[in-house]
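Chains as they are written, first to last, in this note's numbering: chain G, 1 to 404; chain W, 1 to 404; chain A, 1 to 404.
Please keep in mind that the hints were generated in silico from the structure rather than gathered at the bench. We put the CB at the ideal spot given by N, CA and C, even for glycine. Mixed in with the good hints there might be a few duds.
To be verified - A few chain W residues facing chain A, derived, Cβ under 8 Å: (1) Pro184; (2) Gln186; (3) Ile197; (4) Tyr200; (5) Asn366; (6) Ala368; (7) Val370; (8) Ser372; (9) Tyr375; (10) Gly378; (11) Arg385.
Stated by the list, open to error - Capping the alpha-carbon separation at 20 Å, the derived lysine to any residue pairs in SDA-like fashion look like this: (12) Lys214(W) - Gln21(A); (13) Lys360(G) - Gly322(W); (14) Lys214(G) - Gly278(G); (15) Lys360(A) - Ala107(G); (16) Lys360(W) - Gly322(W); (17) Lys214(A) - Arg354(G); (18) Lys272(A) - Ala325(A); (19) Lys360(A) - Leu203(A); (20) Lys360(W) - Glu93(A); (21) Lys360(W) - Val102(A); (22) Lys214(G) - Arg354(G); (23) Lys360(G) - Val102(W).
As the list claims (entries may be wrong) - Which stretches of chain G does chain W cover? Using the computed rule of at least three CB atoms under 8 Å from a CB of chain W, they are: (24) 201 to 214; (25) 366 to 374.
Here are the chains, one letter per residue:
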Amino acid sequence: MQTAELSALLARQRSGWTLEQPFYICPEVFELERRGWLADQWFVLGHASELGTPGTFIVRELLGESLILVRDEQGSVRGFYNVCRHRGSRICERDGRALSLVCPYHAWTYRLDGSLRSAAALPDTVDVTGLSLRPAMVADVGGLLLGSLSGDPGTLDVMQRTFEPGLRYHGIPSARIAARRQYPTQGNWKLVLENFIECYHCLPCHPEYTSVMKHVDLVARVAPDAAAAWEGTVDAWFRETADPHSPLGSRRFAFSAGVCDALRAPIGGGRKTQSEDGEPVAPLMGALTRFDGGVSSFRCEPFVFLGVLNDYAVMFQFLPVGPEATDVNISWLVNSTASNADIDVERMMWLWDRTTVQDKALIERNAAGVRSMAYAPGPYSTLERWPARFVQRYRQEMTARLAS
Amino acid sequence: MQTAELSALLARQRSGWTLEQPFYICPEVFELERRGWLADQWFVLGHASELGTPGTFIVRELLGESLILVRDEQGSVRGFYNVCRHRGSRICERDGRALSLVCPYHAWTYRLDGSLRSAAALPDTVDVTGLSLRPAMVADVGGLLLGSLSGDPGTLDVMQRTFEPGLRYHGIPSARIAARRQYPTQGNWKLVLENFIECYHCLPCHPEYTSVMKHVDLVARVAPDAAAAWEGTVDAWFRETADPHSPLGSRRFAFSAGVCDALRAPIGGGRKTQSEDGEPVAPLMGALTRFDGGVSSFRCEPFVFLGVLNDYAVMFQFLPVGPEATDVNISWLVNSTASNADIDVERMMWLWDRTTVQDKALIERNAAGVRSMAYAPGPYSTLERWPARFVQRYRQEMTARLAS
Amino acid sequence: MQTAELSALLARQRSGWTLEQPFYICPEVFELERRGWLADQWFVLGHASELGTPGTFIVRELLGESLILVRDEQGSVRGFYNVCRHRGSRICERDGRALSLVCPYHAWTYRLDGSLRSAAALPDTVDVTGLSLRPAMVADVGGLLLGSLSGDPGTLDVMQRTFEPGLRYHGIPSARIAARRQYPTQGNWKLVLENFIECYHCLPCHPEYTSVMKHVDLVARVAPDAAAAWEGTVDAWFRETADPHSPLGSRRFAFSAGVCDALRAPIGGGRKTQSEDGEPVAPLMGALTRFDGGVSSFRCEPFVFLGVLNDYAVMFQFLPVGPEATDVNISWLVNSTASNADIDVERMMWLWDRTTVQDKALIERNAAGVRSMAYAPGPYSTLERWPARFVQRYRQEMTARLAS
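Sequences and hints are given; from them, build the entire structure.
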């Protein structure tokens with residue numbers, strides 16, 4: 001698969017239908033994406049609380065690259081490729097804390113700004129200033145540690161402007177991680193995303209989610225009366241119950257939302273949070289003074305998603321690792337001043353853990369089917385506008401990139 | 001490896017000698033075979049008893065494809081690719097029974113004839129009739145469930161005519177499976193077949209088979225006197241002992257047999273069946289009224305082989321799964337009216353289980369050697385006429401296919 | 001990667017810097033090496049004591065090929081590719097002893113000189129003399145069993161002349177193997193070699209080796225005073241302590257040594273051997289009559305290394321098995337007349353077992369880093385003259401080979 005072939009393939013895809021097989025399984029397509037379009041995207045790599053005092057560092061994988069994220073002496077977050085400039089050894093194997101980064105092979109030592117502090121027996125002819133650690137693009141946006149291989153800083157600015165007031169209001173920058181779980185999924189990242197951004201499958205596949213979220217009837221079947229009733233419920237919630245001080249204001253969760261947006265909606269049914277019985281599982285977060293039963297969604301397609309309840313937040317990570325492998329990680333965030341005794345981790349994880357285990361199975365079955373030579377693109381339903389829009393955007397951006 | 005290269009390679013192969021290395025290890029050759037010559041072959045996928053009442057379905061792999069075989073409402077066997085026409089999910093994960101086939105992802109529902117019965121929220125512009133499950137070629141030939149990706153129905157007709165009377169006489173359509181075992185073999189399917197269709201290796205490698213089958217001396221070494229003696233034994237058996245009503249008549253198992261044939265021979269040595277002591281292991285099958293100690297072979301090279309004793313049958317499956325991987329499965333069939341108490345499964349499995357475990361090891365050693373750059377084609381002996389013929393036929397058919 | 005591309009890539013490498021990424025990870029580069037430059041190298045395959053009386057054979061892997069090394073009826077060592085000339089089966093699965101080599105598939109039987117002794121039912125038209133086992137290049141050099149796929153016999157002659165007197169003096173031809181251990185390492189063979197032939201990393205990484213070998217300060221950091229002091233120590237050792245009868249004479253271990261050489265140096269610190277406390281772990285070997293605390297190194301870059309202490313020897317094997325996989329094996333040799341009670345195997349293995357486990361981890365971290373797209377060649381320090389020289393030589397020889 002060369003770029004010319006890929007361009008022709010992109011051109012013949014049909015709007016409103018799923019993509020042809022190569023986009024979901026072909027290693028060459030994935031490799032072109034990985035070095036191009038995917039490299040330009042921003043990904044959630046962690047939470048600010050993982051980088052404490054200066055010198056604290058974490059090691060994370062992004063698109064096959066090992067990155068070091070470190071809090072420097074000025075308190076800023078810096079990123080470096082985890083590769084020694086001497087003979088290329090990995091420098092850090094696991095998270096840690098150190099005043100300098102020392103390669104375990106020949107003890108080359110780097111400052112927290114990446115510059116080479118010392119290396120024994122270097123020939124005089126070698127210019128040390130050219131031997132700093134190669135920087136990686138990372139940023140702290142309201143507590144979300146974001147990273148990219150070649151992303152546009154403009155996108156970062158948009159996220160900053162769109163997310164930051166709401167994230168601060170909800171206490172995300174100062175939150176702590178109460179739980180984290182990994183869901184390695186054997187499927188192309190597009191199958192993972194298409195699954196995540198539609199709820200057409202919620203009714204048949206996610207009994208827990210369906211029981212908690214009152215809007216599922218709306219998004220999981222064509223039910224005009226239910227939709228109208230739900231819209232009334234949302235109107236009433238914004239008018240009567242919703243926290244009036246939220247920086248998200250009346251920006252309402254809807255299919256017409258932009259690809260980068262911060263939105264609100266009620267859980268519904270009188271629930272205070274996303275728990276089985278609707279009762280809180282942790283203390284209020286941020287500036288909230290009472291439970292309003294809302295969900296605030298911070299989304300920047302394709303890869304940044306944070307769901308914020310009144311008492312906890314769910315931080316999603318979608319990390320492509322191969323043509324048919326994607327790491328899905330979830331971190332549950334809580335008020336950092338809450339004691340463990342005040343947090344019911346099991347009840348907190350219940351909804352999204354079960355739902356994501358179900359999604360992993362759905363995606364892997366989808367991936368298995370797409371591998372067949374009998375697979376052909378199928379039509380998105382009217383309840384899959386988001387994946388249809390995402391696929392459209394992917395095609396346009398890939399096409400533009402290959403043409404340039 | 002392009003088709004032109006493969007044509008040149010085919011042209012320089014030497015008759016009566018084994019093939020060059022690429023035919024046994026090269027992924028590109030396997031891929032060309034899989035989409036071409038192999039796709040045209042018919043394979044044993046199961047036995048009719050696995051599909052009971054209408055709605056019963058089984059899920060089977062063929063050449064990397066997952067197929068659903070289902071008994072429809074009219075009692076016929078139908079085959080479908082296990083791929084939803086919506087977003088491509090696998091529909092069935094395991095064997096089961098249902099009045100319709102429901103995709104577990106978004107609940108698209110198909111009738112047993114493959115047509116789409118229901119799908120929520122489909123855009124009006126979508127033509128539902130174009131969204132039936134893609135049919136796969138399957139057939140029930142005298143109880144053998146056969147399948148192919150692009151096979152010639154004419155071959156199926158030949159098998160039907162050649163096999164059906166004999167299979168029915170021996171009770172195969174109404175048999176049941178008493179045991180099944182899998183022998184995944186790390187070797188190209190040609191090495192598996194070449195092993196199966198010659199007995200030059202029986203004497204050094206298969207002590208059990210050699211002890212049971214009296215003809216091994218004939219086919220495993222050049223022994224003119226033994227051969228003549230054996231021919232006399234076979235003559236006497238056909239004259240004096242063989243069931244005279246068999247639809248196979250006097251069609252005698254021999255190297256001159258056609259590639260698709262139904263043949264008979266005695267086990268020899270007074271044995272009633274292929275058991276260690278020669279005594280029965282199950283009740284008589286089909287229309288037989290007494291033990292005649294015969295073996296009826298239903299063979300359609302390259303992939304269909306059924307050996308029928310008086311009291312049980314051995315159904316072989318050879319399923320190519322990769323350039324150096326072949327699944328070999330054996331099912332042991334018995335009279336469906338026999339109770340478990342009447343069947344000695346262990347004694348029944350003894351011969352072919354041991355022999356196939358031995359063959360798996362032989363083939364895997366063969367595959368390991370063929371991977372060497374020191375491997376070069378070697379001469380078939382006069383006792384390997386069948387593999388020599390098979391390889392010749394493979395070359396001719398592949399050559400003709402590439403030329404067209 | 002075609003040869004033209006590889007030539008261009010070789011041409012742009014920078015002297016004194018590590019190689020670019022493809023040389024360490026690219027499967028095509030490895031495949032070109034394996035069939036070319038690597039095939040020409042000589043490798044240690046075992047020790048002469050592994051081939052006892054005539055008919056004794058061992059089965060060893062070299063560059064993906066399975067080789068049989070056998071002691072023939074005249075007592076010479078012969079090598080054959082482990083591939084039957086009939087249908088290509090592996091003939092020997094494990095070490096053994098037999099008066100002829102019999103293929104386990106169809107019982108084709110070969111004499112110890114590789115000629116075909118018997119094969120049943122061969123067509124008369126087949127010329128048996130063309131069906132001998134394909135010979136492989138093997139040789140016994142002073143007890144070292146060496147092998148190559150297409151090596152230059154001239155190199156073997158150089159090793160014979162350079163090594164043989166010293167090896168015989170130290171009793172290597174008649175030694176026996178007291179212990180052997182394997183260290184499969186996930187890294188390209190060049191990363192393994194670069195690690196083995198420099199000691200820049202000894203100080204930070206090998207506490208045991210550093211504590212035993214007094215020269216480490218010299219080779220692991222720039223310490224002019226220490227270097228001068230060490231040179232004085234070595235002078236004194238050669239003058240006062242070293243065994244004066246050694247055929248290695250005053251050939252001193254130094255960075256200026258040739259790629260194929262036999263050299264001596266003291267361990268230092270009054271140690272008699274490479275053990276934790278410096279005391280012997282086994283009886284004296286060969287013609288030695290007292291402990292002189294020396295290390296004799298028999299080295300023929302890139303792949304032949306033997307370290308000989310007074311009481312034991314350490315035989316290294318570096319066997320490339322894939323673009324990112326190398327088998328490292330160590331055999332510990334002792335005086336064959338020593339009883340097990342006289343040998344302290346654990347203390348004998350202590351130094352090189354620990355050091356090699358450490359090196360495996362270092363190399364695997366190096367390999368992980370080199371996989372990154374952020375990896376770029378770095379400068380060798382003044383203490384890495386040997387890897388720099390090796391890489392230079394590799395480039396020259398590869399370039400010459402591709403040009404021819």
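Consistency of the hints with the structure:
no., hint, result
1, Pro184, "19 Å, violated"
2, Gln186, "13 Å, violated"
3, Ile197, "13 Å, violated"
4, Tyr200, "5 Å, holds"
5, Asn366, "4 Å, holds"
6, Ala368, "5 Å, holds"
7, Val370, "4 Å, holds"
8, Ser372, "5 Å, holds"
9, Tyr375, "5 Å, holds"
10, Gly378, "4 Å, holds"
11, Arg385, "10 Å, violated"
12, Lys214(W) - Gln21(A), "63 Å, violated"
13, Lys360(G) - Gly322(W), "27 Å, violated"
14, Lys214(G) - Gly278(G), "12 Å, holds"
15, Lys360(A) - Ala107(G), "17 Å, holds"
16, Lys360(W) - Gly322(W), "16 Å, holds"
17, Lys214(A) - Arg354(G), "60 Å, violated"
18, Lys272(A) - Ala325(A), "36 Å, violated"
19, Lys360(A) - Leu203(A), "16 Å, holds"
20, Lys360(W) - Glu93(A), "15 Å, holds"
21, Lys360(W) - Val102(A), "19 Å, holds"
22, Lys214(G) - Arg354(G), "18 Å, holds"
23, Lys360(G) - Val102(W), "19 Å, holds"
24, 201 to 214, "holds (count 4)"
25, 366 to 374, "holds (count 8)"
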